[in-house]
Each structure stands twice: as C-alpha cells, then as structure tokens.
Amino acid sequence: MTALQKLVLASASPRRIELLQQAGIEPDRLLPADVDETPQRAEHPRSMAKRLAKAKANKAFASLKSEPDFAEGFVLAADTVVAVGRRILPKAEHVDEASNCLKLLSGRTHRVYSGVCLITPDGKQRERLVETRVRFKRLGREELESYLASGEWRGKAGGYAVQGLAGSFVVKLVGSYTNVVGLPLYETVGLLTAEGFPVHFNWLSGGRV
2 MTALQKLVLA SASPRRIELL QQAGIEPDRL LPADVDETPQ RAEHPRSMAK RLAKAKANKA
62 FASLKSEPDF AEGFVLAADT VVAVGRRILP KAEHVDEASN CLKLLSGRTH RVYSGVCLIT
122 PDGKQRERLV ETRVRFKRLG REELESYLAS GEWRGKAGGY AVQGLAGSFV VKLVGSYTNV
182 VGLPLYETVG LLTAEGFPVH FNWLSGGRV
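First residue of the sequence shown: 2, per my numbering; consecutive thereafter.
Derived lysine-lysine pairs resembling DSBU-like cross-links, with alpha carbons at most 35 Å apart: (1) K7 with K60; (2) K173 with K55; (3) K92 with K55; (4) K92 with K66; (5) K138 with K104; (6) K104 with K55; (7) K173 with K104.
I should point out that these hints are in silico values taken from the structure, not numbers from a laboratory. Note that the coordinates shown come from a computational prediction; the quantities given were computed from them, not determined experimentally.
With these hints in hand, go ahead and build the complete structure from the sequences.
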C-alpha cells in the first residue's frame, strides 16, 4: 500500500481537521473555498448542504490546476447546516444570533445536515448527504446566559458546538455524532476508500500521523 495520493481539504475548520486525524488521515493541503453561504430562496436545508459542499469542492479543484504538486490530488469538501423544520439557522457571529438560535432549539428536536463532496484526481465527483436528529433539553435563563458568555457558539452553525459545553444540552441524538461536529466520518471514509485513497496507510505504522 502507498500513500502517494494527496488529499486537499477545502476547509480550514479545526473540527474537520481533527475528525480526519481521528481516522488517521492527515490532509496534505488546506484550501478554504470562499463561497457565498446565503440560502437561496425557499431552499431546503438538505439542498443547501449539498450545494455548498459541491461548490467548495469545485472551487478548490479549479484552483489546484495551477499547482503541479496537488493537481493530481483528491479534493474533499463539506458543509453543515442546522435547521428547525425548513428554517435554516445561521452560523452565529453575534451574541444576539446565538441567543435566538438557542432559544429556538431549547426543548425541541432539530436536524443537522452535512453535505460531503469528493473530487478524484480525474475529476469524478462523489457526494453524500447525512442527516442527524438532535433533541435539546429546555434551557434555563442562567444556563443560556452562561453558555453565551463562554463564547463557544461563535462561528458555529445553530449557535452551538456539540463537542463542547453544549454537549450537556443533548437529550437524544439519532444518527451520526461526527456529522453534528462537522464531518460525518463513516460516510467520508467510505467515499475515500471507494475511490482508492489509502485511508488505512497510516494505521499500518501504528496509528495517527
């Protein structure tokens, strides 16, 4: 088995990098793709997740044509959307956004969708869409205010990070936990393996790179 194939991750998300590393995969290049993440008119959350993952992958793939060292690499992109019904929640950047998201999620079930897109060196595109249902406890005022004060919500879809303090809000989770963190590992590894990327190469040397 060889590790000659290179992997380009169209993201700079620390969470996605850590999840790949958890599976023994070390991206060779980080290439965040700047795309407009504004929902389209009447767009369903699952359609948005798929569209943005594909757009990120295509933009990164196109930019690599001018880089000989990575022109033959695999490009991986993902996008995660948190929704209540058809209502898409923002990636909270301001405390008011986070507060509104958490009040909406309090005591109810929401869905987390992740689109994953892989472009192979010969330009083939492979996609997956993963859905997870998450139910939050009813949040008290002190609990909500304390979480907002922590700042953990900043930049997170739906205004929370399940792998952090907000993990204590989860009453029930049905589906992929890593999907809620930001990258569904089972489906991602499956895509890479099916297209011949040496996912398990680093396992043979005793673990992670």
